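Asks: Chains A and B are the protein sequences, given in the same order. Counting in the numbering used here, the first sequence runs from 1 upward without gaps. Counting in the numbering used here, the second sequence runs from 1 upward without gaps.
Keep in mind that the hints were calculated from the coordinates and are not lab data. Careful: at least some of the hints might be erroneous.
Copies of one chain are not kept apart here, so a pair can be met inside one copy or by any two copies together.
Below, computed lysine-lysine pairings styled on DSS-like, alpha-carbon distance capped at 27 Å [what the hints assert, rightly or not]:
id: 1; residue 1: Lys-300; residue 2: Lys-256
id: 2; residue 1: Lys-256; residue 2: Lys-181
id: 3; residue 1: Lys-133; residue 2: Lys-40
id: 4; residue 1: Lys-256; residue 2: Lys-8
Note that this is a predicted model, so its numbers are computed, not measured.
Below, each chain spelled out in residue letters.
There are 2 protein chains.
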Amino acid sequence: MNHGDWVKKEFRKLSRSLGFRYIPDEEIKNRLNRVKDGMKKQEIEALLVVQKMDFYYLSGTTQDGFLFLPLEGKPLLMIKRVLERAKVESPLEDVVLLKSIRDVPSLIRKHWRKLPQNLGLEFDLLPVRDYFKFQELFSGARLMDASVVFREARKIKSPFEIDLMKKAGEIGKKVYEEATKILKEGMTEIEFGGLLEAIAKRYGHEGLLRVRSLNYEAYTWHVLSGPTGGIVSQSDSPMGGLGLSPAFPVGASLRKMKAREPILVDFGTCFHGYQADETRMFSIGKMKKKFIDAYKACQKIHDAVLDEVRPGADGEAIFMKTLRLAKKLGYERNFLGPPGLQTRFIGHGIGLELNELPFIAQGHSYPLEEGMTFAVEPKIVFPREGAVGLENTVAVTKDGYEILTPIEHGIFQV
Amino acid sequence: MNHGDWVKKEFRKLSRSLGFRYIPDEEIKNRLNRVKDGMKKQEIEALLVVQKMDFYYLSGTTQDGFLFLPLEGKPLLMIKRVLERAKVESPLEDVVLLKSIRDVPSLIRKHWRKLPQNLGLEFDLLPVRDYFKFQELFSGARLMDASVVFREARKIKSPFEIDLMKKAGEIGKKVYEEATKILKEGMTEIEFGGLLEAIAKRYGHEGLLRVRSLNYEAYTWHVLSGPTGGIVSQSDSPMGGLGLSPAFPVGASLRKMKAREPILVDFGTCFHGYQADETRMFSIGKMKKKFIDAYKACQKIHDAVLDEVRPGADGEAIFMKTLRLAKKLGYERNFLGPPGLQTRFIGHGIGLELNELPFIAQGHSYPLEEGMTFAVEPKIVFPREGAVGLENTVAVTKDGYEILTPIEHGIFQV
């Protein structure tokens, strides 16, 4: 039996029996309409979708290829390698094989009977070399930046998407529950982080966290103990940790964890591409009072943020409120990073990627909307000593919020 | 104590005590010279290095920022966030704080006393939006594609680099040795994959494998059992597996592994950014004869490749030889993929990224050189039934090759 015939006959059944959930037709239609609204605003006649997560969002598959999406007319999914698998995964009707990138215009002409006058591309990620290639292939079209169309469409999650994020959150809950059985004095940060990741995978966590960026890499083994919690690194984050080398200078290190010090675990889980992000504190024996007090302050700030979350609330105003509260609680200089390196956000949008809209941050004054999802993460950092923090992923509901990461907030002490 | 003072005083000692190896001054100088040779050939006056691995290769740090490298004059390292940490990690002399991307030209002018007439950038990865930003900031300069300069410089590894790859290979060896203690009938592919990754991390594996590409993601949990080994997916690879969802349709799945079927484990490890890639076969009880025979063919093809490896040998010729040998052994239709989906490479360059030069592949006719490193991976794929394969990472030496992944070649049977 050849590969294509086998996929056509048996792939759907096998994959469904092993937990695959395909994106329903109706869901894809709604997403296409959201994107088309954005295209109208930007006066974009057609999109060529290249980046993997935009592509998955609109097609339901991540098989390699391009998605052509005209404002008027039907989308065309062009697949480079395994056509049959893409046909199982995507509810789109027009799915064709793409033998060479040079054939993109002719396939579009055949499908749509013309070529676009202007073509939207993801300028925030598309490599320059590909841009020049498309300039050559679509020599009659103006190439336009459509990044904002995708970011705006994807910032509001459907119930289907929020359900997948909840599944990711449930995996995270299991990870934290089992973590206390593993943690031991003298274990290295990276051994602990690796075992947490192994637990998550056992429950179906996909292992990679995605970020919309050329250079920013996400990872789950962000286990920082004592002094490594006080170290800042490459990312715009309150603390980065030591990491394992100058090539990976973030997250868990080979440091052996000690009793009474704060152990911060910032763990993300991923289910069907959708992520949940959460942070909890661990300690071996009772944590020193300084850190317990600081953690209580994080809990207060976390709760104060959630008190404000509802449609219409302004993200920047919420952020400014946390600064005032941190000051009142005595942590002005250590809130969201060590003195001089404090970050300017208390929350980041999350979904298929870790840096989606909205940001609850300075410079991000816009109203929250129902269906937005973001992680709230107050953290307090003491250089040389350690860091504490609490983080949950939440969805904005009609009149408030829902927590998607249902893990208890107390310190996990072993 | 503030963060900067602490880093200056204690960071080097702490990080070294936890296994950090910094790239020596002499090594960086040699790399800069290799890149400058390429710049001369392309008539590039200066480079602005953005992409993380090119940046690490030339500066020794991955702290966020830009590296300005003129053909004549000294390099300037501009760091966005943690200046002190970059100064510890990089042997470069001129390391300055970059408050905003808008300051890049003025910092260069201050350091180099002028701005370049032409500026090389990584067009193969640099996002279009950044390209336009640099066009505005360097309005007097011609922006040029310097991708090939980096790819050519990095294709020959120094003894320092090969040593780090060997360290990665040693981690891989430990993973395979411990794997037999874990594997059990009824365990899911992803649980096994997660535990292997946890073992690797315990020994210092960095967890992320890097690929030079917008959409191609690497991962270590490529555990395929029986029928999932026969499934092809998005990547240009002999088999992709089922994966966990349409969002991550590659690698290990929630399928429970059974006795007597082929279990293919393609695992990559990473030490200080440098990777080793290897594949071995496992089985629970004795594997069916069909797969044992096919695996023996993979061993023959693997050995036949290595017989040819030495400076001056042509990569494409080696690839063509493997096609003839696979045919002779009776596997013409299943070699390197199922019928109709066979790939056209038997080896890929590896180092900081998984898709470096050279490729041992059709269309890649050029001589091997001393210091090149690549993975050799003959694989045989039967749709619906399973896949087998053997893979090692090797370095080209003065008169032959050296294997960097010293794991025994037999089937790991439990």
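Asks: Does each hint hold? Answer for all of them.
Replies: Here is what the structure says about each hint:
no. : hint               : in the structure
1   : Lys-300 to Lys-256 : neither (30 Å within a copy, 45 Å between copies)
2   : Lys-256 to Lys-181 : both (17 Å within a copy, 25 Å between copies)
3   : Lys-133 to Lys-40  : both (25 Å within a copy, 26 Å between copies)
4   : Lys-256 to Lys-8   : between (51 Å within a copy, 22 Å between copies)
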